[in-house]
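Asker: Protein chains in written order, with the numbering used here: chain X, 8 to 104; chain R, 5 to 459; chain Z, 662 to 877.
In case anyone wonders, no lab produced these hints; they're calculated from the structure.
There's no promise every hint is true.
[Stated by the list, open to error] If you want the footprint, here are the derived chain Z segments under chain X, 3+ residues with CB under 8 Å: (1) 701-711; (2) 778-787.
[As the list claims (entries may be wrong)] Label-pair distances were calculated between CB atoms; the ranges are: (3) T65(X) with I834(Z): 22 to 32 Å; (4) T37(X) with R63(R): 38 to 48 Å; (5) A76(X) with A729(Z): 37 to 47 Å; (6) L38(X) with R219(R): 30 to 40 Å; (7) Y793(Z) with N203(R): 23 to 33 Å.
We treat Cβ as the ideally placed atom computed from N, Cα and C, and that holds for glycine.
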Amino acid sequence: MSQQTMRLRVNPIACSGHGSCAELLPEVITLDEWGYPLLAGDGAVPVGLAREARRVVTDCPALALALTADPASSAHAADSEGIQKKHRGPVEPGLAR
Amino acid sequence: MSVQAPDRPLPGRPDHRRAAPAGESGLPRLLPPTASMATAEPRQLTNFAEHVRRHGLPRFRGAALIAQAGAAGLTGRGGAAFPTARKLAAVAAGGRPAVMVGNAAEGEPASSKDAALLWFAPHLVLDGLQIAAEAVGARQVYLYLPAHRDQAGPDLAGHLTDALASRAAAGTDRAAVDLVEAPPRFLAGEETAVVAAINGRAARPGNHGRRVFERGVAGRPTLVQNVETLAHLAVIARHGAGWFRGVGTSDEPGSALCTVRDPDGDVRVVETAIGTPLDRLVWLGDDVQAVLAGGYHGGWLATDIARQLSLSNADLRPAGSMLGAGVLVALPAAYCGLAESAHVARFLALESAGQCGPCFNGLPAIATALAAVARPRPARAELANLRRWAGLVTGRGGCHHPDGTIRFVATALEVFAGELAEHDRGRCTATKRDRFLPVPAAAGPAAAATETGWR
Amino acid sequence: MGITSSTALWYASRATGVVALVLLTVVVLLGILVNRRGRLPGLPRFATTSLHRSMSLLAVAFIAVHVATAIADPYVTIGIAAAIIPFTSAYEPLWLGLGAISFDVIIALIVTSLARARIGRRTWRAVHWLAYACWPVALAHSLGSSTDLRSGWLLTLTICCTAAVGAAACWRIVSSMAARREAERPARALSIGPAADGPPADRRSGDRALTGAGAR
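With the sequences and hints as input, model every part of the structure.
Answerer: Here it is as structure tokens:
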């Protein structure tokens, strides 16, 4: 576990835009203009911040965050209700690229 | 039972004069022969004995059916194009009694292929339901149908009930089919929304972490398939994988139903081989300014590009569009592409399930900005906002609604760039002021939240 | 009139009981604040959640002392079991029973909150709803078990706590109804605004197709 990268994942349906996650871990989480979390670097947690990341997961009032060890896993780690898989659709032309 | 008078055609009914490319071997497979559809009586269509006379009975069942589906390369026809055999195998491996759901919600306003299929070939869909249920070990079967809201439209539930009664008389079906009403919402056909609706909750997308093939209806492994996919399964069960691959491309084999809207407003449901050139399916003359493929989560194509493409993901995806549920719309030059897109974007924003912040905040903002851009006056700020919000919204929802909306909006801004430049100069090249693309009056997220849960 | 150890235990029990009630009031208020995504002035957002949690643990500590001193006090017969099994106490079974109920619920709330990640959001929320029942039960226990709160400044304190919880609960109800509409607010702006030029298309499968105008 200590060698693998930890990744944070947001459950967008559970998330209510509370915002404490961004205060606790500003290195990884910022808030968009509507107050919802944006994960930097696809949610990868820098090595020294594992403890803060765990705290962010337990402290989220909506239990909308989960920490996964394996980046390719489908995130059943902490939250038994699961987290959204990253969208794998066709490449968006123009704007979203 | 409602009887369709021969001179009052069905919405989007197959047009027997401009049908699928003539001479395609083995077509049509799902729909009845084109010449017969104009005079088909509902009673003939729901008669099971008639169906068996024409199609015979399925040969491949159970594990053999799954194998044939795999060899055939059948993919879902609801828009996601997921390999059907893999889905069947995953649910069959659940180890517990499973649940089978046929999805005919067809929330896409521009699509009527599922309705046409259910009308003209109900028994193929019902066959598909039975054999798929058998293959995955499901004893409970549901058919998720839109309600009969429109007097001019077909009463699908009544039609299916007649078909089921005809089958009951023959006694070949193992599982009883329950008809469940799908609410008239764009997202009602999303897989997890379907399961939620059948479970008695609001038809809104749910967490994808809890995959429906593991825990769906009543907590059981659930197989959700579009009704067209089920119909294909029913014919594969009779003729095998090799036959199925007889049309289409090697990567995307088989035929597909398309809802085609010509520039004169005529709507046709056509069964065609995947890989058919687009200009053989829809009118792409000089009076057409752009083509929308894949529906309202699909992408716009410039006409000259569309003329070089075929109906396949292999051609459409690199061009920024997709096959999706087979919607093809040719937009006449007389309309304003930006105004049309803005009208659709507004509908898509109102159809948000209202569960995820980036979606229920971002989509209305995008729709408002697009509406501003669609007016013939400069809107530089709105354009910049649009680009920013498109980046903010993609991939951050609980389902693909925001992503699909962005694809639609982004391709609109690309394809109608010329119109954008005209608007910037205070002009609009459109001559018609009404709307071409079909957009229902959406009720907004309030209607989706029929459940009174506390927040 | 010397102060016997029994009296000391009895006073300790009553005192810790009052403090526990005040702390529980604070916990409920903070809990409602967390749910409504409010923040305490001058503090970051995560402080609301943190304080709610710490206050609840502090409240449990005070309740533990309150229960222990009451059991240890030889003047009244309260067995250890009576602290968690309701209505089994020899002394004032009804009022102490209510205390036991609220104590049980508090234990459940804390245990489920500690194991939140393992039991999942839905189960956790279902149990946490009991908090709204727990506070009035604790209040009833306080009012019934001793006469302390029925007069003087303790009565004033009780009234203030009750008013605070009542007001906060009302706010939570009203605010939650408004919140459901909050998700619809951006979209509602679209509904009210002009829906682009042209006649509304008001049927599901599209305007022209349904009138059969296109098909010949």
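Asker: Check each numbered hint against the structure and report the violated ones by number, ascending.
Answerer: 4
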